[in-house]
Structure formats: structure tokens, C-alpha cells
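Number of protein chains: 2
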Amino acid sequence: MSTRRDFLKTTAAATLLPSVIRAQAPARKIGYCIVGLGRISLNQFMPGIAGTQNSRIVAIVSGHRDKAEKTAALYGVSTSAIYDYGHYDDIAKNPDIDAVYIALPNGMHAEYTVRAARAGKHVLSEKPMANTVRECEQMVAACKQAQRKLMIAYRCRYQGTHLRAVQICHDGSIGDLRFIEATFGFNIAKGEWRLTKKLAGGGPLMDVGIYCLNACRYLTGEEPRSLSASSSVVSPDGRFTEVEENVFWNMRFPSGVVATCATSYGSNCGNFFKAVGTKGWVQMDPAYSYDGLRFKAHLAAGLDIDTPVDDASPKQFTREADHFSQCILENKDPRTPGEEGLRDMKLIEAIYKSATADKPVAV
Amino acid sequence: MSTRRDFLKTTAAATLLPSVIRAQAPARKIGYCIVGLGRISLNQFMPGIAGTQNSRIVAIVSGHRDKAEKTAALYGVSTSAIYDYGHYDDIAKNPDIDAVYIALPNGMHAEYTVRAARAGKHVLSEKPMANTVRECEQMVAACKQAQRKLMIAYRCRYQGTHLRAVQICHDGSIGDLRFIEATFGFNIAKGEWRLTKKLAGGGPLMDVGIYCLNACRYLTGEEPRSLSASSSVVSPDGRFTEVEENVFWNMRFPSGVVATCATSYGSNCGNFFKAVGTKGWVQMDPAYSYDGLRFKAHLAAGLDIDTPVDDASPKQFTREADHFSQCILENKDPRTPGEEGLRDMKLIEAIYKSATADKPVAV
Numbered sequence: 378m379s380t381r382r383d384f385l386k387t388t389a390a391a392t393l394l395p396s397v398i399r400a401q402a403p404a405r406k407i408g409y410c411i412v413g414l415g416r417i418s419l420n421q422f423m424p425g426i427a428g429t430q431n432s433r434i435v436a437i438v439s440g441h442r443d444k445a446e447k448t449a450a451l452y453g454v455s456t457s458a459i460y461d462y463g464h465y466d467d468i469a470k471n472p473d474i475d476a477v478y479i480a481l482p483n484g485m486h487a488e489y490t491v492r493a494a495r496a497g498k499h500v501l502s503e504k505p506m507a508n509t510v511r512e513c514e515q516m517v518a519a520c521k522q523a524q525r526k527l528m529i530a531y532r533c534r535y536q537g538t539h540l541r542a543v544q545i546c547h548d549g550s551i552g553d554l555r556f557i558e559a560t561f562g563f564n565i566a567k568g569e570w571r572l573t574k575k576l577a578g579g580g581p582l583m584d585v586g587i588y589c590l591n592a593c594r595y596l597t598g599e600e601p602r603s604l605s606a607s608s609s610v611v612s613p614d615g616r617f618t619e620v621e622e623n624v625f626w627n628m629r630f631p632s633g634v635v636a637t638c639a640t641s642y643g644s645n646c647g648n649f650f651k652a653v654g655t656k657g658w659v660q661m662d663p664a665y666s667y668d669g670l671r672f673k674a675h676l677a678a679g680l681d682i683d684t685p686v687d688d689a690s691p692k693q694f695t696r697e698a699d700h701f702s703q704c705i706l707e708n709k710d711p712r713t714p715g716e717e718g719l720r721d722m723k724l725i726e727a728i729y730k731s732a733t734a735d736k737p738v739a740v
Numbered sequence: 378m379s380t381r382r383d384f385l386k387t388t389a390a391a392t393l394l395p396s397v398i399r400a401q402a403p404a405r406k407i408g409y410c411i412v413g414l415g416r417i418s419l420n421q422f423m424p425g426i427a428g429t430q431n432s433r434i435v436a437i438v439s440g441h442r443d444k445a446e447k448t449a450a451l452y453g454v455s456t457s458a459i460y461d462y463g464h465y466d467d468i469a470k471n472p473d474i475d476a477v478y479i480a481l482p483n484g485m486h487a488e489y490t491v492r493a494a495r496a497g498k499h500v501l502s503e504k505p506m507a508n509t510v511r512e513c514e515q516m517v518a519a520c521k522q523a524q525r526k527l528m529i530a531y532r533c534r535y536q537g538t539h540l541r542a543v544q545i546c547h548d549g550s551i552g553d554l555r556f557i558e559a560t561f562g563f564n565i566a567k568g569e570w571r572l573t574k575k576l577a578g579g580g581p582l583m584d585v586g587i588y589c590l591n592a593c594r595y596l597t598g599e600e601p602r603s604l605s606a607s608s609s610v611v612s613p614d615g616r617f618t619e620v621e622e623n624v625f626w627n628m629r630f631p632s633g634v635v636a637t638c639a640t641s642y643g644s645n646c647g648n649f650f651k652a653v654g655t656k657g658w659v660q661m662d663p664a665y666s667y668d669g670l671r672f673k674a675h676l677a678a679g680l681d682i683d684t685p686v687d688d689a690s691p692k693q694f695t696r697e698a699d700h701f702s703q704c705i706l707e708n709k710d711p712r713t714p715g716e717e718g719l720r721d722m723k724l725i726e727a728i729y730k731s732a733t734a735d736k737p738v739a740v
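The listed protein sequences correspond, in order, to chains W and D. Using the numbering used here, the letters of the first sequence map in sequence onto residues 378 to 740. Using the numbering used here, the letters of the second sequence map in sequence onto residues 378 to 740.
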């Protein structure tokens with residue numbers, strides 16, 4: 378119980394303190410090197426950084442010089458701070474770079490995190506943390522050894538109504554939490570790198586199912602003690618030769634809460650969670666998008682809530698970057714450190730194990 | 378495939394032919410004997426009968442003479458056609474009674490069905506059909522031997538938007554069906570007969586989970602080939618000493634569709650289904666209530682539907698009774714015969730088996 382309370386205190390405090398009203402704005406801005414210029418970097422994280430008071434973009438790593446130069450010009454980054462992958466380790470020589478933001482295919486997170494740590498840089502890595510538990514452990518160890526901070530970019534953990542839902546699940550507003558349902562999926566296009574096992578590590582479970590998994594853990598504030606999973610490939614169109622199309626799994630938590638989750642690359646099986654207590658429920662639908670979220674609840678007190686979330690893109694990324702920079706500036710541990718990504722990855726491996734063996738596994 | 382098509386033809390025809398526009402209204406009305414004067418009889422089925430053109434109430438079986446007399450007066454039933462349970466078999470001597478409607482606790486369905494068949498009466502039994510597969514088989518055999526019709530009161534199978542959802546799942550409107558999610562649960566009051574194993578046969582799975590199970594079968598038009606279930610008791614308030622509190626299960630269908638279902642007596646875990654295809658989805662929420670249903674869909678053609686269902690209670694019961702009476706009058710097989718209830722009961726036993734063994738079972 379004390380763990381849960383601490384968790385709530387932390388999240389409540391974070392909710393009440395947006396960067397704009399922080400009494401003493403930091404004098405120094407954390408300098409980020411963006412590693413990989415995919416959609417999430419260009420359309421979300423970099424505009425997100427621009428919304429912070431404590432962060433700035435100071436370098437870019439990309440295999441596309443033209444794209445990198447255009448992007449650098451947009452964010453006032455010197456062309457001398459553009460690196461190709463052959464010169465990644467040179468970031469060590471650039472003192473403007475405090476941290477790297479790694480937005481590469483999942484299979485490259487570990488290597489580029491370890492090398493960043495060796496170069497003396499803090500690391501903010503996109504989720505999933507890596508392809509395997511072993512890789513996650515290497516990342517944690519490398520950052521620990523280099524005394525650099527490691528944070529996994531679980532942006533929902535910094536989003537206001539997700540935090541409100543966590544609070545509602547624990548303060549009696551819906552009675553005792555009993556059941557969570559969470560789904561996230563979409564119909565993936567042919568040819569995406571996410572369909573390649575080596576780059577992606579797995580299918581929708583790694584990419585979008587992880588949101589459901591993580592949500593069940595933060596909504597309960599518990600770790601599951603057992604789970605049961607199944608996976609399938611149904612679409613006959615050749616997309617799913619390396620990774621699975623669908624995964625369905627249940628998890629049981631020590632308090633008795635059961636969660637049922639689904640993820641898919643074959644259909645838009647949902648984008649939501651619903652947490653049900655003995656006296657009410659709270660849900661978000663959509664829950665995991667960059668914006669356009671919607672929050673609904675039926676509280677024990679008789680209050681019904683149904684409201685769009687006023688949280689336009691890239692605000693989730695602004696808060697995420699703000700948090701990590703604050704942790705670096707004040708030498709604090711991030712809310713979603715490498716250990717958090719490692720925990721999810723252990724559960725993801727257990728889910729795949731259960732699906733392959735077609736039987737429940739203890740975790 | 379031909380099975381699916383036949384099924385759709387049947388359901389489509391039924392949708393297009395409400396009793397009011399049937400060219401030749403039957404001259405004779407089927408006479409029903411109501412067995413058990415609980416809420417579902419008094420508030421739903423009997424008012425539902427009053428809305429038909431082919432059915433009437435002619436007798437009542439009840440252990441409460443006062444209540445029975447008041448009800449008889451309301452529906453113009455002669456006091457000589459009121460039976461107590463000690464004189465149930467006397468219904469054989471009443472030629473006005475064509476059929477019985479059995480709305481007793483689940484554990485009594487089999488006995489009262491078998492005795493009705495022996496008395497020469499057709500039987501409409503509430504769901505779940507009985508407590509066990511063995512009892513269901515006895516009911517089917519008894520009605521077959523007596524050459525009487527047996528129908529299980531799956532009212533959603535006679536509800537317009539449920540039938541529309543079935544059609545949408547099969548005509549390409551949402552692409553190929555891939556995934557179904559269905560939940561139904563509520564927070565049960567202490568002291569209900571449904572918490573007694575002998576009367577109820579089991580917990581929420583028998584009572585409300587069966588709606589989810591049946592919905593997955595009619596939405597796919599298939600029988601599952603394997604399932605995996607878990608059950609739990611969480612609430613420490615003594616309600617669940619005989620039956621389970623929660624059941625969660627997945628089913629895999631031959632086409633590759635996976636369904637994930639949840640039912641509960643400990644929380645309002647939902648009252649809905651969502652069927653997801655490669656190009657859209659269809660859902661009802663609430664899906665299983667007597668009225669106040671809501672239908673939503675996102676179709677491949679770009680059409681979004683979100684509409685309350687104009688289907689006030691007791692219309693579902695009117696259609697159900699109308700159908701059974703029509704089957705009797707025209708000597709046709711009901712859409713939801715005893716064999717349909719038996720199929721669900723076999724799956725319910727498989728779900729309990731899987732939950733107890735904590736491993737998937739083939740069915």
C-alpha cells in the first residue's frame with residue numbers, strides 16, 4: 378500500500394506543477410541530440426521540445442543529410458552538429474549535447490543507448506525499450522556504469538487525464554478496482570519496418586499493445602502475478618510472415634484485479650482502456666493517440682463525466698521532455714526509468730511465451 | 378459458407394416481416410401458461426405477449442395465490458387456470474394451454490420442461506437453458522419424444538439492431554471480421570437466488586456472460602474451436618461462497634476470429650459487444666438491456682452510425698413470443714431451439730473446465 382501511495386503522491390504533484398508556473402525556471406536548457414528523423418521526431422518530439430522552457434535541440438543524427446539540414450535550419454541547429462550514423466560516437470565531443478532522444482527502430486535502441494551512455498550522454502529512448510529483456514538489461518547497466526540517466530518515453534505517464542484516471546482508481550471514487558479492459562490496434566500498411574522481426578522485435582504487442590500493458594500496470598499500481606495469452610495470424614495478404622498479427626491476453630494482479638487486453642495490426646481493435654470498480658468506472662477512448670483523447674467516468678458519487686481532453690499534439694511530448702530535462706537538471710530519477718521499460722519487456726516476453734506454449738504463465 | 382448464408386437469409390427475412398404487416402394474421406392465438414411470476418414474467422414477458430397478435434396468456438403457475446389472482450385478473454385469465462406447483466401436471470387437462478413459458482430459477486428449467494412436454498405442451502424456456510449439459514439433453518429428448526417444440530428465450534436473436542450487426546459482420550460492410558469483444562456484468566445484491574449454486578447452476582457466466590457467448594456465436598456465425606478461461610472471487614463480502622464472481626475468456630473461431638469476453642457479479646464490467654473487421658467495426662452499448670440500447674458503427678464506406686435504438690421494453694419479448702407462436706402455428710423450427718441452448722451450455726461447461734484447470738481447452 379505504501380508503494381501505491383508514494384506513486385500517487387508523485388503523480389499528483391506532477392499534475393499540479395506544469396512548467397509554466399514553476400517558481401524558478403531553470404537558467405540552463407538541456408541540449409538534445411535527435412537520433413532518427415522519422416515521423417515521431419519530426420512531427421511530435423521536436424515540436425514538443427519547442428514548447429518546453431528547459432529543453433532545446435542542439436544536434437541531429439540522420440542518414441539523410443538533406444532532411445537533416447532542413448530540420449536543423451528549422452530548429453536553429455548548427456550544421457556542424459549534424460551527424461551520420463558512421464559518426465554517431467562523435468557526439469561525445471559535443472558539449473552542447475546533454476541527452477539523446479532515440480527514435481530508431483526498436484532493434485537499434487539498445488546499441489544506440491549503450492553508445493550514447495559511453496559518450497557521456499543521458500538517454501531518452503522511445504518505447505518499446507528494446508527487442509529483448511537482455512538488451513534492456515544492457516541499456517540499464519550501461520547508463521548506470523556511465524552515471525547517466527535513462528528514461529523510456531512512456532508519454533501517457535505524463536498526460537493529465539491518464540494521471541487523473543490513476544487517482545480515480547485508488548481514491549475510492551469508483552469503489553474497489555476490479556477489472557481493466559484495454560485495447561490498441563490498427564490496420565498496418567505493407568512494407569513498414571514494424572513488420573520486420575529484426576527491427577521491431579515483434580508485432581503489435583511491442584508497438585501498441587505495450588500501451589495497454591503499461592496502462593494496466595499504472596492503473597492498478599501493481600505487477601501482475603500471472604498471465605495467459607494467445608496470438609494469431611489471420612490475414613492472408615503476406616504482411617505477417619515475421620511478426621504476429623493479433624495478441625490477446627489476460628493478467629491477474631495480487632489484489633484480484635483482472636485485466637483483459639487485445640492488440641492487432643490487422644484491425645482497429647480499439648484505442649482505449651476502461652477500469653471498472655465496484656461502484657463506478659473510468660475510461661479513455663481514444664486513450665493512446667497524440668491528441669483527440671476523450672475521458673469518461675461514472676463515479677460512485679453519482680457524477681458522470683464525458684469530456685474531450687484539451688491536450689493538442691505535441692503537448693504530451695512537451696511534458697515528457699520537460700520531465701526528463703528537469704530530472705537531469707535537478708539530479709532526480711525519471712518517473713519512467715529504464716527499469717520500467719525492462720519490467721514491461723519481461724512481461725512482453727512472458728506474453729509471447731504463454732501464447733507459444735498456449736498456457737498461462739506465472740510472472 | 379452455406380450455413381452462414383442460410384442463417385443470414387433467415388434473420389433478414391425475420392427483420393423485414395413484423396407481425397403487423399403479415400398479410401394473413403393467424404385466426405388462432407397460442408395460449409401460454411406462465412410458469413413463475415418473477416420480475417421477468419410480470420414486467421417483461423406478460424406485457425410482451427399483450428403486444429402480439431398471435432399469443433395470449435391463458436394460465437399461470439405460481440406458489441403465491443394472491444399474486445397469481447391479481448395477475449390473472451390483469452390479463453383476463455380465469456382463476457380456474459391458476460395452478461400451484463403441487464398441481465403443475467394438471468396443465469395437461471387444460472386444452473387452452475398450447476405452450477408454457479418457464480421463468481423459474483435455472484435449476485428448475487429441466488424438470489418443468491420435461492413435465493410440460495409430457496403434459497403435451499410446447500416449451501419456451503428462459504436462458505440459461507438449464508444447469509448442465511445433461512439437463513439440456515434431457516429437455517431436448519423429452520420435447521422430441523412428445524413431438525412438442527422447444528425454444529430458448531434468447532431475446533437478442535429477435536432484436537433488430539442485433540440482427541443488423543450480424544448482417545454487417547458478414548456482408549463486407551466492415552471488411553473481414555477479425556475480433557469481438559463482449560462484456561456483461563453488474564454488482565449483484567446479497568441474498569439473490571442467483572448466488573445459490575443449486576438454483577443458478579453457476580455465477581455470472583450462466584446468467585449474463587451467456588449473452589456475450591451467444592453474441593460471439595451469432596456475430597461470427599461460427600462455433601469456437603478452442604477457448605481459454607479464468608475465473609475469480611475477489612470481493613470479501615461473503616456473496617460468492619457458492620458461485621464465481623468473475624469469468625474472463627477468449628475463444629478462437631475457425632475463420633481466425635478471436636473473441637474476448639468478461640462477465641462479473643462484482644462490478645458493472647460492461648454491457649456491450651464490439652465486432653471489429655479489417656475495414657470498420659460495429660458495436661452495441663448497452664447491448665443486452667431490455668431497452669435503452671445504443672447502436673454504433675464505423676463502416677468501410679466511410680459511414681459513421683451512432684443511434685439510440687427505438688425499441689422500448691417489452692418489445693424484445695413481444696418479438697420473441699410472436700416468433701415462437703408463429704413456429705407453433707405454422708409448424709416451423711424456432712430460430713433458437715433447445716439445440717441452441719445446449720450448444721451454449723456445452724461451451725459454458727468448457728469455460729468452467731478451462732478456468733478450473735487453468736489451461737485452454739479444445740471444443
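Bear in mind the hints are in silico, worked out from the structure with no lab data behind them. Do not take every clue at face value.
Where chains are identical, the list cannot tell them apart; a pair therefore holds if satisfied intra-copy or between any two copies.
Taking lysine to any residue and the SDA-like style, the derived pairs with C-alpha atoms no more than 25 Å apart in a straight line are [stated by the list, open to error]:
#	residue 1	residue 2
1	K575	R671
2	K567	D553
3	K447	E600
4	K656	G615
5	K567	A678
6	K736	S603
All figures in this text were calculated on a predicted structure; none of them were measured in a lab.
Right, here's what the structure says about each hint:
Taking the shortest alpha-carbon separations for K575 and R671, neither the intra-copy value of 35 Å nor the inter-copy value of 44 Å comes in at or below 25 Å. Only between protomers do K567 and D553 lie at most 25 Å apart by alpha-carbon distance; the minimum there is 17 Å, versus 44 Å within a single protomer. For a Cα distance limit of 25 Å, the shortest separation of K447 from E600 qualifies neither inside one copy, at 45 Å, nor across copies, at 57 Å. Taking the closest pair of Cα atoms, K656 and G615 come within 25 Å of each other only across two copies (17 Å); inside a single copy the shortest separation is 46 Å, beyond that limit.
Taking the shortest alpha-carbon separations for K567 and A678, only the inter-copy value of 21 Å comes in at or below 25 Å, while the best intra-copy value is 48 Å. Taking identical chains as interchangeable, the C-alpha atoms of K736 and S603 lie at most 25 Å apart whether they share a chain (11 Å) or sit on different chains (12 Å).
Violated hints for the displayed structure, listed by number in ascending order: 1, 3.
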